[in-house]
Structure formats: C-alpha cells, structure tokens
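**Q** If you read the protein sequences in the order shown, they are chains G and B. Terminal number for the first sequence in the numbering used here: 184, no gaps in between. Terminal number for the second sequence in the numbering used here: 1144, no gaps in between.
Hint data in this document are derived by calculation from the structure and do not stem from the laboratory. Don't take every hint at face value.
Stated by the list, open to error - Listed next, with one range per pair, are the computed distances between beta-carbon atoms:
id : chain 1 : residue 1 : chain 2 : residue 2 : range
1  : G       : 124       : B       : 1027      : 27 to 33 Å
2  : G       : 70        : B       : 1099      : 51 to 57 Å
3  : B       : 1083      : G       : 13        : 32 to 38 Å
4  : B       : 1051      : G       : 70        : 22 to 28 Å
5  : G       : 11        : B       : 1088      : 36 to 42 Å
6  : B       : 1061      : G       : 5         : 26 to 32 Å
7  : B       : 1085      : G       : 13        : 29 to 35 Å
Stated by the list, open to error - Per the computed footprint, the stretches of chain G lying under chain B, defined by three or more beta-carbons under 8 Å from a beta-carbon of chain B, are:
id : stretch
8  : 17-24
9  : 131-140
10 : 162-171
The C-beta atom is built at its ideal place from N, Cα and C for all residues, glycine as well.
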Amino acid sequence: MNEASAIRLCLASGDPRGFEFLVKQYGREAYFHALGFVGDSSTAEDMCQESFAKAYANIPRLKTLGAFYPWFYIILRNTCFNHLRSLKPQAPDHGLLDFSTDPISLVQGGDEREMVWETLGCLKPEFREILIFKHLQDKSYADISNILQIPRGTVMSRLYHARKAFRITYQQLEENKHGLRTLP
Amino acid sequence: MDCEHYREMISGLIDNELNAEEVNTVNQHLSRCTECRAEYDFLIENTEQLNSLSFREPQDVVMQNFWRLPFSRFARNAGLVLVVIGYLFLVAYGFTTFFLDPEGGLVGKIALATFIIGGLIVFGIALIERLTTYKTDPYKEIDR
Chain G
1 MNEASAIRLC LASGDPRGFE FLVKQYGREA YFHALGFVGD SSTAEDMCQE SFAKAYANIP
61 RLKTLGAFYP WFYIILRNTC FNHLRSLKPQ APDHGLLDFS TDPISLVQGG DEREMVWETL
121 GCLKPEFREI LIFKHLQDKS YADISNILQI PRGTVMSRLY HARKAFRITY QQLEENKHGL
181 RTLP
Chain B
1001 MDCEHYREMI SGLIDNELNA EEVNTVNQHL SRCTECRAEY DFLIENTEQL NSLSFREPQD
1061 VVMQNFWRLP FSRFARNAGL VLVVIGYLFL VAYGFTTFFL DPEGGLVGKI ALATFIIGGL
1121 IVFGIALIER LTTYKTDPYK EIDR
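Based on the provided sequences and hints, a complete structural model is requested.
**A** What follows is the structure, given as structure tokens:
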C-alpha cells in the first residue's frame, strides 16, 4: 500500500485500514511537530490523537492524493495553537531533550542546551515552528516550503529572522540568569 | 541589493540551499562588508547551538495510541456534551416545576439553588480565564 492507495481506500469505503497506514507513516513526524509546539510529551500525544481523529473525519476534503502530510499538518498546527492559546506562556519541558548521544556534553553542554530549548519556547510560534523544521527535523527548504505552503524565498527569509530573534532572546535570557546568579 | 537581503541569503548559504551563482554573489559581498561578515559568524554560532538539540524517540506504544484512542476521545466529548445538556434540562425542569412552586420544600429549593449557582460559578470562572488569557494570547491570528 502507498499513500495514494491508502487515501483512496479511506475515500471509497471509509476503510480505517487506509488511515491506519497514514498514521503509521506520519505518526512520528507529527509527534515531533506537536512536541515542538507544545513542549510536553503527553500533550503532544493528545494533540496527535485529536488531529488524526479530525483528519479521519475530514479526509473527503483532501484535494490531492499523495499530499496528505501538508494537509494534515495544518490540522495539527491549528490543534496545537488552539491548545496553546488557552495556556499562559511557559518554557518547554527540559526532560524531552535527548542528551544521550554525547555523554560529555551532558556535563559540559547540558546547561547551554537547556537554554537553547528555553529560548525556543519564548519565540513567536512561526519562528519556533521553522527552527524546529530546520534544526530538529533537518528538513530542506523545499520540504518546509511544501509543508507550510509558502515560497522557498519566504522560508529563507523567515529562517533568517527566526535565527536573529533566537539570538536576541538567548542573550536576554542569559543576561537575566546571570543577573539572578550575581544577586547577593 | 541591501545588506538585509544579503543576510537572508547568508542564512541560505549556511544551510547549503543556494545555487552556485547565489553562493558567488554572497561570498563577494561578505568579502567587502564587515558587518555582514560578523552576522555570518553569529548565524554560524546560532546554527550550531540549534543543531545541538534532538528529541527523544517516542516509544512504540505512543505511536499505536494515535489511532487507537480517537474513538475514546470522541466518546468522552460526546459524554461531556450529554452531561451539559442533561444539566440544562434538569435546571430548566427544576426551576419551572419545583422552584417556582410556593408549596415546594425549603431544603429542595436550597439544593436546586446550590446546583444552579455552582454551575454558574464554574461557567463564570471558565469565561473569565478565557478572557484574561485572550489579552496576552500570542496565537490570536491563528484560525481555529
């Protein structure tokens, strides 16, 4: 079974086996996107479940066979943002970061990685989103352009401004933390 | 082209997303402009910081739940809707047939009034929280 035949199966008879294929195909990617938005693994799971349920109910609206993920991503993104709008701003959970690949950096670079993660949590959603695509998911500009439905030039421009915002926010957080540490 | 446009292209250069002609153009500008050169160094540093992050792989059971649970979620939401509808019917029924009855018992009326006031408090708090968070909502622009 491929993506197009899975979608055809859903459309033709509402057969959940077709949709199950799509969930298996894109579940991991969706989970990481949701995690990047909400910063909490259990909420990310909830967001994915809700989004897949919405997608299944609305799959007759999918216009192009073989282009499931960009369509699904809009559902996932809106579901995450609807959840976030009901919460007060907060830094993401540091426990989600994988420090296991480099044991040395657990001691030497752990603090910095936590700061990087905290900084991401403070950025505008569209900046956080594109930085996660690029740096945590290693997507090409073409992939990002396809998923977000924006021109490639906009991807490049947004990434630049996101990195600039990241730098400014990181410096501010660092100054705040440094200020707190030097208090008597 | 101004420096701002070159800086956007520098971002593309760092990500290896420019064609040969664009690479050449940006490199020529970098050799002349010290400010953009400094920006290039900053962007390299930021990119390395961001590349140091990675997520933990989710367990298989998490993936399986994505498709198993939509139905229970639907049942939960349907249950919630039924509870709210039932509450409204009970309040309307109690108010019209019992609360307004001058011969009704005082204890029953107090119980019904408590039931209604409790519901109003819960609804009011939810409404106030929603209005409070809306003022500082960074996601206002996103379609529901």
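**Q** Please check whether residue 1085 of chain B and residue 13 of chain G have a Cβ separation lying inside 29 to 35 Å.
**A** holds (33 Å)
**Q** Verify the CB-CB distance for residue 11 of chain G and residue 1088 of chain B against the hinted window 36 to 42 Å.
**A** For residue 11 of chain G and residue 1088 of chain B the Cβ distance comes to about 38 Å; the hint holds.
**Q** Count the residues of the stretch 131-140 of chain G with a beta-carbon closer than 8 Å to any beta-carbon of chain B: does the count reach three?
**A** holds (count 5)
**Q** Quick check on a hinted range of 26 to 32 Å for residue 1061 of chain B and residue 5 of chain G, using CB atoms only.
**A** The hinted range 26 to 32 Å holds for residue 1061 of chain B and residue 5 of chain G, with Cβ atoms some 27 Å apart.
**Q** Under 8 Å between beta-carbons, do enough residues of the stretch 17-24 of chain G, three at least, approach chain B for the coverage claim to hold?
**A** Since 4 is at least three, the answer is holds.
**Q** Starting from the hint 27 to 33 Å, judge whether the C-beta atoms of residue 124 of chain G and residue 1027 of chain B obey it.
**A** Because 31 Å falls inside the window, the suggested range holds.
**Q** Taking a Cβ-to-Cβ distance below 8 Å as contact, does the stretch 162-171 of chain G have at least three residues touching chain B?
**A** With 4 residues close enough to chain B, the hint holds.
**Q** Given the range 22 to 28 Å, decide if the beta-carbon distance of residue 1051 of chain B to residue 70 of chain G lies inside it.
**A** holds (25 Å)
**Q** Does the hinted range 32 to 38 Å hold for residue 1083 of chain B and residue 13 of chain G at CB?
**A** Hint holds: Cβ distance 34 Å, inside 32 to 38 Å.
**Q** Confirm or reject the claim that residue 70 of chain G and residue 1099 of chain B have a C-beta distance inside 51 to 57 Å.
**A** Given about 55 Å between the Cβ atoms, the range holds.
Violated hints are absent here; each numbered hint is respected by the structure.
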